[in-house]
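J.: Below are the chains, spelled out letter by letter.
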Amino acid sequence: MRKAAIGGWIKSILVLIFALVYLAPLYIAVVNSVKPYSEIIKTPLNLPQAFTLQNFADAFETSNMLELYRNSIVITGSSVAVLILLTSMAAYVIARRRGKVYQALYVFSLAGIMIPPVVTLIPSIKTLSALHLLYTMPGLLMFYAGTYFSTIIFLYVGFIRTIPASLDESAYMDGANPFRTFFSIIFPLIKPCTATAVIFLGMWIWNDFLNPMYILGFRGGKTITTGIYNAIGAYTSMWNLVFANVMLASLPIIILYLSMQKLFMQGLTSGAVKG
Amino acid sequence: MKHSKLYDTLFLAPGFLIYLIFMIVPVVMCFLYSFTNWDGISVTYRIIGLKNFENLFRDASFYQAMQVTVIIMIVTTLIYNVLGIILATLLNDKGKLLGISRSAIFIPTVMSSVVVAFIWSYMVQTNGGVINSVIELLGGQTVDFYRTPTTTIFMISGIICWNSLGFFVVIYISTLSTIPQEIYEACMVDGAGWFQRFFHITLPLLAPGITINCILAVAGGLKQYDHVKVITGGGPGGATQTVTLFSVEKAFEYNRRGYSSAAVIILFLIIVILSVIQLSISKRHEVEY
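Going down the list, the sequences are from chains A and B.
Sequential numbering of the first sequence, starting at 1, is according to the working numbering.
Sequential numbering of the second sequence, starting at 1, is according to the working numbering.
The set of hints was computed from the structure by calculation and includes no laboratory data.
Keep in mind the model is a prediction, meaning the values are calculated, not measured.
Heads up, none of these hints are tricks.
In the DMTMM-like style, the derived pairs of lysine to aspartate or glutamate whose C-alpha atoms are separated by at most 25 Å in a straight line are:
1. K51(B) with E253(B)
2. K42(A) with E136(B)
3. K11(A) with D93(B)
4. K191(A) with D168(A)
5. K126(A) with D39(B)
6. K191(A) with D8(B)
7. K126(A) with E249(B)
8. K100(A) with D168(A)
9. K5(B) with D174(A)
10. K42(A) with D144(B)
11. K11(A) with E182(B)
12. K51(B) with E249(B)
13. K5(B) with E169(A)
14. K51(B) with D39(B)
15. K11(A) with E185(B)
16. K262(A) with D93(B)
17. K100(A) with D8(B)
18. K94(B) with E185(B)
19. K126(A) with E253(B)
Required output: the full structure, derived from the provided sequences and hints.
T.: Below, the structure written as structure tokens:
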């Protein structure tokens, strides 16, 4: 028994060492974001000797960080909210009704899962420009809604089918209309699934690069990713500013992840394994 | 249920309308464009049949892009799954240290690919890059990761893996946790060693996880854009371009939307075919217990 326990400890420590080495690039980004440029060149691996927050102040100003944050938060927040609302409502009807029409609609709604976003990007630019929505945030929002509809409806239909239909039938008998039934009875019950959807969508949309690049352009507002790409492109080898930018872009999402780890893990695994 | 039809429509219509306009219609348009010489700006264009596809197969830069994409796909799929399974078996246990390691390995997964690519472009620099500094400290020979396009692609594949490995590990851990402990216990009573347990129990019962991870890894590998765009921009001279980079450039910089659409359609068909093949293989290998 004791031999096994010691073995377990050795294994744990080896795995931890691996994890720390794995995160070495993050250590580099953190320590070099608070060093003056000259120190990065001389001692890139060491802890900072002349600790400074000047890089952050400079990066904040030159990259217009506040605007980038605002744009990314608005786009991610609104796209996720719209997607959750539209897909959960559609999924509810598909999960509850029997019949060929609804089955066909379900299959039809899943067709988008395999399609790489670049297939829809090029034609969508034309559609958006015809609708006068190119280079606007609502345009990007609608593109995301179309892109992720399939994946999220798939999660929801599966989940809603596990909820007994007697619940909403009895609400209907009591005189609640379908909207009320859905929002006061079903929607609260599908919260775990909504959490999964929010985590997936939040990560995908917040970190997306190609689509905002061409749908928003720089005219329609830069997001964190396109803004950082643009800013860093301008001072390629000013590594102190690069790392400050990198930290400013990553810290919010890393903090969010670390504070809601359990939810992240459950969300990702329930989405991927059951799906 | 009298109002049922009306309410059903109200629930379904908004979502399906957007899905129709921004998914189904664009896919159809993409197919149609691939048979035209549309430039993305003009109002008129001609239908030129399969000419775009013919030209693509004669285009050396498309072959190059295809090759790059396939290398990235194979390398990342191998690393994700081999390293993913090893790490998951090591991490799938109780204990504080393992818990910390689990959350640490997942951190890069939540980071944006653009940011990751910038951090790593510093790490892999030939002069003054962190990896080479460490190699020098240990008394080794400096490595030039950009020596040839092939070495550059391998390097970028590694960076892509660093970015998303955590996701694949999490999927494997959750599949492992569905394997009943009694099977292992019975096996240990019969005197099976670690390797026998791993190859005769763990691996076959991991099949559902392997299927999901392989499909995700293959599709993800074929779609690569972000890391390559930031690290090399596809250069030198298009030598590290992926198919997605190739088509985006053709569509928006050379205004050859028809040609670009044809390339995208080929990519799409490859993804569908590979996914179907993987699904049918895995159906045969999944074990009931």
